[in-house]
Every structure is written in C-alpha cells, then in structure tokens.
Amino acid sequence: MKKLLSLIVITALYAEIVKSQSHAREGYDISFDVVGAIPARDMTFFKAPWDTVTYFTGGDLPASGGMKHLTKIKQGGASQSILNLNNGSPIDVDLEKNPYATIRLRITATQDIKMSMSFRDGIAQRDISKTFTVKGNSVWNVIRLDFGDQPFQPLFTGGTSNEIKFFWDEPAGVGYPYEIYFDYIRIGGIDNVGNGCTYQTGDPDSTIKMHIDTVPDQQCEKDAGEQIIHLTGISNGTNVTGLSLSQTNDKTLLLDSIYFSPIQSDGTAELHYTPKTGFIGIINVHLLLTYNRGDSILKYKSDFFSISVVSDPKMTVASSVKAIVNQPKVIINVNNATNSIGGASGLTLNATATNPVLITNLVADPVKSDGTSKISFIPGQDQCGTDTITAVITDSKTGRSATYKIAVEVSGAGCVPPIGTENTRRSELSISPNPAAEVITVSLPDNNGGKVQIVDITGKTVKEVVIPSGQVSAVINIASLSKGMYFVSDVSRKVVKKLVVQ
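First residue of the sequence shown: 724, per my numbering; consecutive thereafter.
Source of the hints: derived by calculation from the structure; they are not laboratory data.
Among the hints, erroneous ones may be present.
Think about it this way: if two alpha-carbon atoms lie no more than 25 Å apart in a straight line, the pair counts; the simulated DSS-like pairs of lysine-lysine are [stated by the list, open to error]:
#1 K945 x K932
#2 K1120 x K999
#3 K1174 x K1186
#4 K1186 x K1217
#5 K945 x K1120
#6 K1174 x K1217
#7 K1186 x K1221
#8 K974 x K1037
#9 K1045 x K1128
#10 K1221 x K1052
#11 K945 x K858
#12 K1097 x K1052
#13 K1097 x K1128
#14 K1220 x K1174
Use the sequences and the hints to build the structure in full.
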C-alpha cells in the first residue's frame, strides 16, 4: 500500500472559537465549507509539481472560506495537498488546555481507510499522532480524538512551520479517482454540548470522567534502595475498568528500575522506583492514566511531579590552618560546594569559632555558582593559641546541612599560650629598653638559663641567643633589624613578649 499525505500547515492564527463563532465557546475551528470560518486573507493554496491531487472548493474560494474536498486522481508519487493559514502572527496550540480534536469527513472509496491525524511542532521537530478508521462509501465520519497524553510542554512553540497533517494508507485495489471531503476540524478542551453549543469539541466519551489524585513532589535519600509512591483516587468516574498506568521521565540514567503495581478496585496503586547507586539529581515524571474502552476510544489523564534523589550538601575545605600572631588576614578557600541534588544553587555557608579573642572578624562569603567560597578571619592582636572554626554548609531548598571542623593554630616561634595569661605572669620575661633601636637586655626569671629567639611577624627567626645556666640575662644587638614589631620568646619556658624596634 502507498502512504499518501494531506497536510494542513498552520503557521498563524486559527479562527478562535470565542465570540466570533456562535456555534462553540472555546478551542479552534477550521470549517472548510462555512463562509468566513477561515478569512480569505489568511489562506493560499499551492501544490508541488509532482502532486497528483486535484482541489475542489465547492464554489468561489474566498466565499467558501476553505477547501471543501480533494480528489485523488491516480496512484503514485509523493501526493500531498497543503492549506496555508498565514497572517504573520503565529499562535500556539496548547494540547494540555485543548486536548480534544473532532474531525468530520467522508471518503468516496469503497474500502475503509486507516488514517492518522498528526500535530507537528516545526521548532522542536516533534510529531504527535493518533490513528483512526474512516469508513468508505461516502459515509460521513465524525472522529473524536484525545491528545491529552502528551508530556511536559504544549506542542506548539510558535514559528512558521507548525502544522496539522493527515496521512493514510491506500488499501489494495482502491479505485481511482476517489474523493475525500473535509467538513470541519475542531480543537477544544471540553464537551460543550448542552452549554449553548451545537457540537462536541471532541471528548471521545463524555460518560468517562478520568481522575487520579495529584502526586506531590517526592524526595528520597541517595542509595536508599527501592521506594514506593502510593497512588490514590484512580477512577474512570464509576470504577477502574479499562484503566492502566504508564510513565515517562527525563532522567532514565538516574533510575535502576521503575514500575507500577496493578490498579486495585479501591482506586489505589503503587509506583515503585529504585534510584541508581551513587547518583543524585531531579527526575521529572509524567504519570499517565489511560482508559481503553475496547474499541477505538482512548482517554487520558496526566499528572506531573518530580523525584529528588538527594544527599547532604558537601564542600572541600582544609581541616587545619596555621596563622602568625597579628597576621593581617587569614583566608581559607572553599571549593567543590555541592547542594543536595548535585548543583551549587541555594547553598549558604556559616562559620563560628569558640574563642572570639583569638579569632576575630570571622566571615563566610556567599557560595558562588561555581561552588567556591572563602572563610576569613583576623587573629586577635598579640594573641596566639589554638581554636576550632565550625563551618556549616546548608541547602536552603532541602534544609539539609553538613558540618566541617577546621583546627586553627595562631603562633609565633615557640608561642603557645596567649600573652598576659597566668602562665606568662608566673614566668616573667623582661626586655629593656622596649621600644629599642640598638641593643636590648633580655632577663629570665631564674638562673637556669635558656634559649631566647627573636621572631618577625611572618614567623621567621631573625636572632637566637643561648643564655648559659647560672646567668639570668643577655645583651642582644638589634641594630641590623628593620623597624617594626617582633616577638621575643623564651623557648624552654614557652613565654613570649612583644618587642618594638625603632
């Protein structure tokens, strides 16, 4: 059998059924033999040189408002007829809002013909088709289709190549010529019969009222194994006869498995899914409830939800930091900050310390989109010692957090306790004069001797003197030292004093 093609290319405004059409209340109407249904200025006909289809309009083209029927003269070639609707203002068809299509047509061939109606998005290059049977022998067929099973986004997104097309297979032995008459195509959202309208917008079976309770967005732990979503409220309006469940999702690589349990008579079912080990992320799911009457009638009900496979946020940061007494600023770099689903958005970083005298001006910068940040602090003036910075990174969307401990040591050479503590007062180390320019005398608290070091603010030892046992002091020449602040330490007694060189 040869597959023939009839295209109706919709590149602009449909005749919208609102106030301009008295016979319907919403949707779109292409009435091929209704005067004014399609304004003549929006319509042109053309056909390719190889076309073997002849057009009939049933009268003057502008007056008829559209194509009444076409005649297939003979078999062979890429036959197509094209109707352009183009006023320069493309409009979308939202199949989520208007999922029903009704077509009235007849065919003069003696055989029944299997035909398909297809929406094509010229931008996204997606085709969505439904197949139906057109009875032959000039019997008028009213075909009602439900396109409500489409995933995630409306079909059309604008542009100049959106189209509705009809194509069919010729049965063997078909006689030529035969004619196809289109009366109308109507696209809408509800069954309007009885609401001031004279025809259906396309509900295939208005006695079936599809329902399933909305599924809330889901969240599960990384590597948590199989999860179960309980589905409720499943019904065709009366019971669950003819109903089935299916799904599509946009992250199949994040799942090891996903399947449904049978629908129970009380309208419940289960969706089982198992996240893939080691993976995190968001999975967008299109849940589809389908009703199959057992003949050509299918109806659909869609629901959309997400599954977030999550873990605690994380980052890379040093576990310990060393700083010098009176260092102007200490910066701790943070890298690879990651939220609960693998990105860097929605992260906050907070840092605290237990000794605000030793660690001052503690700041955690905002986390950047590349997952980097900084923690900074200024050592307390003349202070040395140890403390711990507690850094907490939090995902604001999931509320999950992770805690990191950073050990901080602030010191000069041989300096452990802070200046001015009881330990310092018990082990007096004296320097005179202070400030000084040429020489200083360093005195120990006893005659046990010891090692004395002079350290600059970078931690470098610039002078070192050993005081022998039996002596309590030593004279140290500092004339070669640059002006500035230094630290004099008694290494064995772990005592430090500040020295100013003029």
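Results for each hint:
| no. | hint | in the structure |
| --- | --- | --- |
| 1 | K945 x K932 | 38 Å, violated |
| 2 | K1120 x K999 | 22 Å, holds |
| 3 | K1174 x K1186 | 11 Å, holds |
| 4 | K1186 x K1217 | 17 Å, holds |
| 5 | K945 x K1120 | 16 Å, holds |
| 6 | K1174 x K1217 | 10 Å, holds |
| 7 | K1186 x K1221 | 14 Å, holds |
| 8 | K974 x K1037 | 23 Å, holds |
| 9 | K1045 x K1128 | 14 Å, holds |
| 10 | K1221 x K1052 | 19 Å, holds |
| 11 | K945 x K858 | 55 Å, violated |
| 12 | K1097 x K1052 | 12 Å, holds |
| 13 | K1097 x K1128 | 15 Å, holds |
| 14 | K1220 x K1174 | 14 Å, holds |
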